[in-house]
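Engineer: With chain A fixed as given, assemble chain B onto it according to the hints.
Residue-level listing of the chains:
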Amino acid sequence: MVKLKINGKSVDIDVDDSTPLLWVLREQLGLTGSKYSCGIGLCGACTVHINGEAVRSCIVPVSSLSASQDVVTIEGLSSDNSHLLQQAWAELDVPQCGYCQPGMIMSAAALLNSNPDPSDADIDANVTNICRCGTFNRVRHGIHLAVDINKRGRSS
Amino acid sequence: MKKERLNFSRRDFLIRTTTAGAGFSLGLYLPLTSCGVQTAEEQTLSEVAEVNAWVVIEPDDTVIIRIARSEMGQGTLTGLAQLVTEELECDWSKVTTEYATPGQSLARDRVWGSFSTGGSQGIRGSHQYVRKGGAVARHMLIEAAAEKWGVTMDECRVLNSVITHVPSGRSTTYGKVAALAAELIPPVHVGLKDPKDWKIIGKPVKRLDTINKLNGKQVFGADLMLPGMLNASIKACPVFGGKLKSFNDAKIRKLPGVRAVLAVDDNAVAVVADTWWQAKTALDVLPVTWSNGPNAKMSSASIAQMLDEGLSADDAFVGNKNGDVKKALQSAVKTVEASYGYPYQNHATMEPMNASARWTKERCEVWCPTQNGEAALEATAEAAGLPATQCEVYKIHLGGGFGRRGAFHDFVKQAVAIAKQMPGTWIKLLWTREEDMQHGHYHPITKAKLVGGLNERGDLVGLHMRISGQSILASVNPKWMQGGVDMFTFQCLLPEGDHAISYTVPNLLIEHAMRNPPVPPGFWRGVNVNQNTIYIESFLDELAHAAGKDPLEFRRKLMDKHPKSLAVLNAVAEKVGWGKAAPKGVHRGLAVCKAFASHVATCAEVSVDNKGKLKIHRIVAATDPGYAVNPQQIEAQVEGSFVFGLSALLYGECTIKDGAVEQKNFDSYPSMLISEMPKVEVIVMPSGGFWGGIGEPTIAVAAPAVLNAIFAATGKRIREFPLKHVDLRSA
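These protein sequence lines are chains A and B, in that order. Numbering of the first sequence is given in our numbering, commencing with residue 1 and proceeding in unit increments. Numbering of the second sequence is given in our numbering, commencing with residue 1 and proceeding in unit increments.
Chain A extracted, bound-state conformation (with noise of 0.2 Å):
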């Protein structure tokens, strides 16, 4: 049995200790939005979040994490489709096929924890994401525009 707080729950999992985490939130909780695509850690597609940090959960065994720490999937991204990146990625219609949206997402997010105005460089940096549909420009031009809904939310 493990102990895991996921979105702010706190959850028992009975499985077995190597189970990455990517597959206790998928199979277990039922937590699809983060996916599977290669599953050594490379694509994204399955980023999460451990204590604010964007993590590649495919990787991750489950037995590694303890109950202190916070597991924020795409679900817990925000209730209401209003964290920044998703009104920003709204606005510009960044996804095509969806499948590596919500590890995209997901890692952008951690970037802007980390650092509230990232430069090219710092996208380029943190955003490692494979996307084969092509949406890179509309993911870094989002990244900005997040910026920027931000600033203006604060000046008005």
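Just so you know, these hints were derived from the structure itself, not from any lab. Please note: incorrect hints may appear among the correct ones.
Pairwise CB distance ranges, derived in the manner of DEER restraints [said to hold, decoys possible]: (1) B/204 <-> A/116: 38 to 48 Å; (2) A/52 <-> B/109: 38 to 48 Å; (3) B/326 <-> A/119: 54 to 64 Å; (4) A/115 <-> B/385: 50 to 60 Å.
This structure is a prediction, so every number in the text was calculated from the model and none was measured. Built from N, CA and C at the ideal position, the CB exists for glycine as well.
Structural biologist: Relative to chain A, chain B alone:
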């Protein structure tokens, strides 16, 4: 006039996307009769009216537009809804969509036409009858209102779902008359709007499927959960054509969650377990013996040898010919010769192949991401051993398609083959990335030898192009071949049509020596335009250089009779500032082509530093698709096309060793990242009068424009790919 009310249940329709705030969340539900899943949505079923096959209207004026083609990111769902809305004259803010099912299509005499979503055909292959569907529904709705009021139709006007009787000023809405309209006989003849009167076609409206892609609610095939569902992981013989010999399940039978270890067809083994992770990890340790078969010694080298032989073989199919190329080359003042090659590519959709199936003796149902619902239904029926009328396929948005999920439903057949061994239970089969890499239907491999002749003025007087390599049709659909010739091989090199060559060359011969290695080929986004444009556009640059001419001027001279291709080329040249100095250290390259009926051109600006590191700074891309249904989605497709085309150029190759693909995941088959993405400036320049494709054409010009810019920067002409193997330091 009234018709018999159709006994047609909307329960058979599955997935609905919505505009933001239209009141519905994603509805994913099953026929009540088949598994007892009921959602809140079903409670409103009795109140909705199917006006015709394309249009369903609810009392609150919500318009549900039925879509037969598949949404895989390319935006076709929104574009098709725009086409229907244009003629229907309904309120766009109340439009939602749902997929028609192939089983219903079969039962209703293919009322929605083809389900095939490939070849950039989604809109250009269906715009006529889809718009007509909207126009017919509009006519019936107005007729219903007129009948209710006892007036004539020609006294009524409609705007944004509101019908007004002009003389009296009375008005009603679509939602109020839809039930009555549904009982009328549809008109046989309805006119379509003149394009100059379009209000929503041509507008950059937002996609209808965005919101659920931002919060994890969009359900893909890999995410599907159905009552009592078990999960399967599969491994097929890695060697092409190899078979399953045996497996020893003693070691894994007792592992937690494992329910069954099964042979699938004659070449694969699957583990079925409570969770996919249990199935996958059990399969990882299952001892399996394969019978590798006749291809066990195949390698990239043996394939290359086969293709090299074809470059100079006597026999070849002719794709385009005029004049006397032999004579022209003999009398040329200068000739240039070069050989190119293009490797196998994997589609590598972000969502690996998957399908969910339930089989009983009476019925087989499948949920899957597919680019062709009808083909998925055929595959289901075949694997199930049941007539198609006793099968159904429920489509789900695809996590990428790129051609992998259209002509091939191997994953569907496997899911059904597993489900058939466990009757009555839903089985979700999900491939690993490794399985996906090794069991693709790959972009075909070809080589090309080109010889061009120049006269004393440096004009092109003759061009001979010999392609050697794999035919997609010979493997996938021999019925489409013409007398043994695969005309698809000549895409963008043909004398005329959707894939006509963009140049007039006085003496021309383009031919194909078909050489088919036993690696399964498939339609890969862009198809044969990808390599053919690299060959022809790189070689034209070589000829321009040999003639001492500017690559733009050299091309222009051959394009008098190709005004639309010339127009897109001129547009990028002007925007990029061709002929004016580029920023220091930055060099430019051009490419143009006609593909999928659209005209596209690109100019790339690159630099290569003294260590050979390439940076692609800026791309200017122009597209003339005839009619542009949604310009902002065209921009998205054009930008995305550079990621697909340049990922292949920079990194993409599948190599063969001992009969199997060597690459297994994104570590050995990388894809471009955001840090490598150039700025892209898109020019959408619809000239009207035709319907061209959007999702694929630009991929073709991405690579050659960059290659020509690399030549300008370094003096290096690259003829074998991907670039990751090439030292780009200046020659």
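Engineer: Hints first: check each against the structure and report whether it holds.
Structural biologist: Hints, one by one, checked against the model:
The hinted window of 38 to 48 Å between residue 204 of chain B and residue 116 of chain A is violated, with their beta carbons roughly 30 Å apart. Taking the beta carbon of each, residue 52 of chain A and residue 109 of chain B are about 57 Å apart, not inside 38 to 48 Å as hinted. The hint said 54 to 64 Å for the Cβ distance between residue 326 of chain B and residue 119 of chain A, and at roughly 59 Å that hint holds. Take residue 115 of chain A and residue 385 of chain B: their Cβ atoms lie about 58 Å apart, and the range 50 to 60 Å holds.
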